[in-house]
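Engineer: Model the full structure from these sequences, guided by the hints.
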Amino acid sequence: MSAPRSIVVVGASLAGLRAVDALRRRGFDGTLTWIGEESRLPYDRPPLSKQVLRGEWTPDRTALKANYDALGADLRLGRRATSLDVGARRVSLDDGTSVPFDGLVVATGAAPRKLPGMDALSGVHVLRTLDDALRIREELGKKPRVAIVGGGYVGLEVAASCRALGLDVTVVEALPLPLAPAIGETMAREIVEMHRAEGVDVRTSSGVSGFVGERDVEGLRLSDGSVVFAELVVVGIGVVPNTAWLEGSGVALDGGVLCDSRLRTNVPGIVACGDVVRFENALFGERMRVEHWTSAVEQASAAVASLLDGDAAPPLATVPYFWSDQYDAKIQFAGRVAPNDALKVLEGSVKDRNLVAIYGRAGKMRGVLVVNKPAALIRNRKAITDGAAFPD
Amino acid sequence: MKIIVDFDVCQSHGLCTEAAPEVFEIRDDGFLYILKEEPEEALRGKVERAVRECPTGAIQVEG
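Residue numbers (our numbering), protein chains in the order written: chain A, -9 to 382; chain B, 16 to 78.
Be a bit skeptical, because a hint or two may be false.
[Claimed, not checked] Some chain A residues well away from chain B (every beta-carbon gap over 12 Å; in silico): (1) 12; (2) 238; (3) 288.
[Stated by the list, open to error] Calculated pairs, BS3-like style, for lysine-lysine (alpha carbon to alpha carbon, straight line, at most 27 Å): (4) A:320 with A:334; (5) B:17 with B:61; (6) A:341 with A:320; (7) B:51 with A:372; (8) A:40 with A:132; (9) A:372 with B:61; (10) A:320 with A:372; (11) A:40 with A:55; (12) A:372 with A:334; (13) A:40 with A:334; (14) B:61 with A:104; (15) A:133 with A:104; (16) A:40 with A:133; (17) B:61 with A:55; (18) B:17 with A:354.
No wet-lab data here; the hints were simulated from the structure. As the structure is a prediction and not an experimental result, all values here were calculated from the model. Glycine included, each C-beta is placed from N, C-alpha and C at the ideal position.
Structural biologist: So, in structure tokens, the structure goes:
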């Protein structure tokens, strides 16, 4: 198809911003319409569970750097895309208008999963947006007992931030070990033990059967019948990609917007990037949906390249990377591991706040986990990219 | 072109060292070192990529 003259970017968080930026940087000088559901300019999410929650950063410090004048986009904030017509090539918005496009970038992200009944109670929150973080921060000032549902990275970072504020914290996790699917059982156990040593009451293999309280939350009722009393509950049980507006449009969906290794959907001229995407990672030869900061940045750049260059754009072959700051542990992970992958600890332990561990399968290195060892992370991520062998 | 890093903001993610290994290095002490404070023009593309990929926005380029 010919070069697009009008492009719509739907989504105004990190991936959307970086797509708009990449389009202009690469010389796209046509009409650019940019839709964002939140009323705020793009901001950075990683600090929300840490610096913002602990009250160390004012909200404005989370703003993502951008020169909006130079981007020259028709930015429509507080607007949500409601449907897509691939035949007419138009995106419909929640104000009843629609926007035509030659090229479309889908960057609508993901929304937190909720628990039944939570919206009817005050004091129960998800943490995804800056407004969520500010609401939680305000309530933390009243020194509540805190219960966190879900022991994933968001939940554990919130737990660490609340402990830094001196609060009583309970983490309730449905799995026998949180994080185990992402980093394996051995390392997951060490991270749970770190939280226990820091004073967090971590309850594993515990489902939540309901809430205690009428108007204000007073606690959680667990599947074994016990009750965790808390005046503040944070629910961190994962996210669902925001694809409802694309259902029935003809854009293929399967656990996210399905993309090839160039971030192209099945519809010509429509690409996607960020948390909403399930793409074919050329390095691992498997489809993956990755919710990391770095993936959003890499995918935005790759999606724009294929929108403008088509087949000439390189496929995205990358080792997913994320980090998590908990207490004085900077945890970094790169790769993609399965539950039965072999683990080799090269140095230290989580307890020592000093760790280098690698993962492998079939003689090939697949992942690296470090604590407070950034140089080792970089070295080993590079080794995975280069197809390094996993030593027996 | 002159490289300015805000070391209070840098968290040693090291993505800059992948983008522009001629200019940035994370050593075993965990800290970032700037190998070339005024890199040659030929490295501009790599340096700009390092700026974009830094998760904490710690790198600036002057000139």
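Engineer: Honestly, which of those hints from before does the structure not fit?
Structural biologist: Numbers 1, 3, 13, 14, 18, in rising order.
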